[in-house]
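Colleague: Here is how the chains run, residue by residue.
Number of protein chains: 4
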Amino acid sequence: MTSSGKLRWFVPDGYLPRESSHGIESHEAACLLNVSGADAHVAFTFYFEDRDPIGPVELTVSALRTWHVRLDDSAILGGVELPRGVPYAYTVTSDVPIVLQHSRLDTSAGAYTLFTTLAYGE
Amino acid sequence: MTSSGKLRWFVPDGYLPRESSHGIESHEAACLLNVSGADAHVAFTFYFEDRDPIGPVELTVSALRTWHVRLDDSAILGGVELPRGVPYAYTVTSDVPIVLQHSRLDTSAGAYTLFTTLAYGE
Amino acid sequence: MTSSGKLRWFVPDGYLPRESSHGIESHEAACLLNVSGADAHVAFTFYFEDRDPIGPVELTVSALRTWHVRLDDSAILGGVELPRGVPYAYTVTSDVPIVLQHSRLDTSAGAYTLFTTLAYGE
Amino acid sequence: MTSSGKLRWFVPDGYLPRESSHGIESHEAACLLNVSGADAHVAFTFYFEDRDPIGPVELTVSALRTWHVRLDDSAILGGVELPRGVPYAYTVTSDVPIVLQHSRLDTSAGAYTLFTTLAYGE
Chain A
1 MTSSGKLRWF VPDGYLPRES SHGIESHEAA CLLNVSGADA HVAFTFYFED
51 RDPIGPVELT VSALRTWHVR LDDSAILGGV ELPRGVPYAY TVTSDVPIVL
101 QHSRLDTSAG AYTLFTTLAY GE
Chain B
1 MTSSGKLRWF VPDGYLPRES SHGIESHEAA CLLNVSGADA HVAFTFYFED
51 RDPIGPVELT VSALRTWHVR LDDSAILGGV ELPRGVPYAY TVTSDVPIVL
101 QHSRLDTSAG AYTLFTTLAY GE
Chain C
1 MTSSGKLRWF VPDGYLPRES SHGIESHEAA CLLNVSGADA HVAFTFYFED
51 RDPIGPVELT VSALRTWHVR LDDSAILGGV ELPRGVPYAY TVTSDVPIVL
101 QHSRLDTSAG AYTLFTTLAY GE
Chain D
1 MTSSGKLRWF VPDGYLPRES SHGIESHEAA CLLNVSGADA HVAFTFYFED
51 RDPIGPVELT VSALRTWHVR LDDSAILGGV ELPRGVPYAY TVTSDVPIVL
101 QHSRLDTSAG AYTLFTTLAY GE
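Chains as they are written, first to last, in the working numbering: chain A, 1 to 122; chain B, 1 to 122; chain C, 1 to 122; chain D, 1 to 122.
Just so you know, the hints here were simulated from the structure itself, not pulled from any lab data. Remember, predicted model here, so these are calculated numbers, not experimental data. No residue lacks a Cβ here, since even glycine has one placed at the ideal position from N, Cα and C. A couple of the hints might just be wrong.
What the hints assert, rightly or not - Just a few of them, taken from the derived set where beta-carbon distance is under 7 Å, the chain D residues facing chain A:
| no. | residue |
| --- | --- |
| 1 | H22 |
| 2 | Y120 |
| 3 | G121 |
To be verified - Straight-line C-alpha distance at most 25 Å; calculated DSS-like pairs for lysine-lysine:
| no. | chain 1 | residue 1 | chain 2 | residue 2 |
| --- | --- | --- | --- | --- |
| 4 | B | K6 | D | K6 |
| 5 | A | K6 | D | K6 |
| 6 | B | K6 | A | K6 |
| 7 | C | K6 | D | K6 |
| 8 | A | K6 | C | K6 |
| 9 | C | K6 | B | K6 |
If we strip away everything but chain A, and leave its shape as in the complex, we get (with noise of 0.2 Å):
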C-alpha cells in the first residue's frame, strides 16, 4: 500500500483525568498509522485554554508501523508532562501522510470506560 492519510491532525478533546482505579492507569493515547514505505517524522503541539501552547514534541513513527502513543508519558514526549484535571488539545504534523486516531481510558470515580474518534485531518 502507498502512503496514505494526511499531513496534518486535530484532536481538540483532550483531557487525563487526575484519579485512577481498577489498577489500571486513566489515560489518552494519540494513535498514529503509518502504512507509507517511508518513516514518518511527527511533531505535537498541545494547546490549553489559559496559556501558551507547548511543542514541538518531535516523535518517529517508522514505516509499516503503528505506534500508540500513551499522552501520560513524559519520557516518551521528550519530557513534557501534561497536567492532569486540566483540558488541552493537540495538532499532529507529519512529513509522510499517516492517520490519528484518539482515545482516553477513564478510571476515574471508580469506573472504566472509553471513548475514542478519528482527529480532523487535513
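Put chains B, C and D on the given structure of chain A with help from the hints.
Modeller: Relative to chain A, chains B, C and D alone:
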C-alpha cells in the same frame, strides 16, 4: 501553524442526562480548537425536536487556545439553560477556521460512561 | 443558516443488545439534524449479514429541527421491528442535506455504556 | 442505492484486551457495509508497533450485506490470531466501495465499556 479547520460545524446528538452520580455532574462539552493567530468569534445555535432553535450564543475562542465549553453551564452560554432529559442538537459557526469535537459524560443510573465524536464540518 | 450536510449517510455498526438493566432499555438512536428551511423527507434502509435489506422506511424531519430516532421503536419505523442480538447496518437518504450521528446505549450485563460516531456521508 | 463508500480504510487504534468479564469476551469488530449490487472482495492488513505487518487476509462481503467481522476470531481471519494486550492497527482495501466502522467492547477489569468510530477512508 496557519489557521486550520472549518467555519461551520454540526452535532446532531446532544443530550444532558437528568441524573448524576459519583459526585460528578452528567454533562456535555463542545471542545473547540483554534490554532490560528486570530481570535475566533463563534456562534452556537441549539436545535430541538419540537420547538424553535435557540441562538445565536456568541463566544470568543482566543488565538492558539482550546476551549472545552460546558453545555450545562448557562453562565457560559449567555444565560441559555439547555433542558436536561431532552434531545437536542447544535451548530457552531466561526469567523476563522476551528475544529469541533463533541463529548458526553453520563453518570446517571449510578453509571459513568463517556462518548465522543468529531463533529461534521463544512 | 442555509441547508447543510449530505444527502446520503451510512452506519455500518448497528446492534440492539438483547438485555437491559438500570431500568433503561438498551437502544440505538439515529440522530438527524436538519438546519435547512425545508422539511427533510428521509428514507432508512436496514442491512443484515444473512438476509435481504429492509426498507425504505420513510420519515420526515421538519425544517430547523433535530430528531433522535429510536431504532428499537417499531412504531416510529413504520412497523419495522429490528431484531435484538443481531448485527445490522443502515443507510439514510434525504431530499435535503442533513447530518447523521449514530449512538448506542448498552445496559446489558448489568452495565451502562455509550458509544457514538458521526456517520459516513456522501 | 448505487455503490457508495471508499476503497481504502484505516483504523489506527486496535487493541484486544487480555481479560474479560460478565461472561462476554472482550473483542473488536470491523463493521463493513456493502450497499452495492456486487460482492466486495476485501483484504485486511494488520500493523504493529515492533513487528512487520500481517496480511493480506481476504474476505468477501456479499452485495447488499453488512458484516461485523470479529477481530478476535482467527477462524474468520484465515488463521491469523491477533495477540491480546498488544497495540495494533489495520487497513481494509476493497474492489468495490464499502464503509468501515470500528468498535471495541472491553470487559476487562470487571468493566463493560464500548467505543466506536468511523474509520478514515480514501
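Colleague: If a hint holds in the structure, say so; if it doesn't, say that too.
Modeller: Against the structure, the hints come out as follows:
A hinted interface residue such as D/H22 counts as satisfied when its beta carbon comes closer than 7 Å to some beta carbon of chain A; here the least separation is about 12 Å, so the hint is violated. For D/Y120, the interface hint holds, the least distance from its beta-carbon to any beta-carbon of chain A being 5 Å, beneath 7 Å. Because the beta carbon of D/G121 sits about 10 Å from the nearest beta carbon in chain A, more than 7 Å, this interface hint is broken. With a C-alpha separation of about 22 Å, the suggested pair B/K6 and D/K6 falls inside the 25 Å cut-off, and the hint holds.
Taking the CA atoms of A/K6 and D/K6, the gap is about 16 Å. The hint holds against a cut of 25 Å. Only pairs whose Cα atoms come within 25 Å are accepted, and B/K6 paired with A/K6 is accepted, the gap being roughly 16 Å. Among the hinted pairs, C/K6 with D/K6 is consistent with the structure: their alpha-carbon atoms are about 16 Å apart, no more than 25 Å. Using a Cα cut-off of 25 Å, the hinted pair A/K6 and C/K6 holds, with the two alpha carbons roughly 22 Å apart.
Straight-line distance between C-alpha atoms of C/K6 and B/K6 comes to about 16 Å, which keeps the hinted pair within the 25 Å bound.
In this structure, the hints that do not hold are numbers 1, 3, in rising order.
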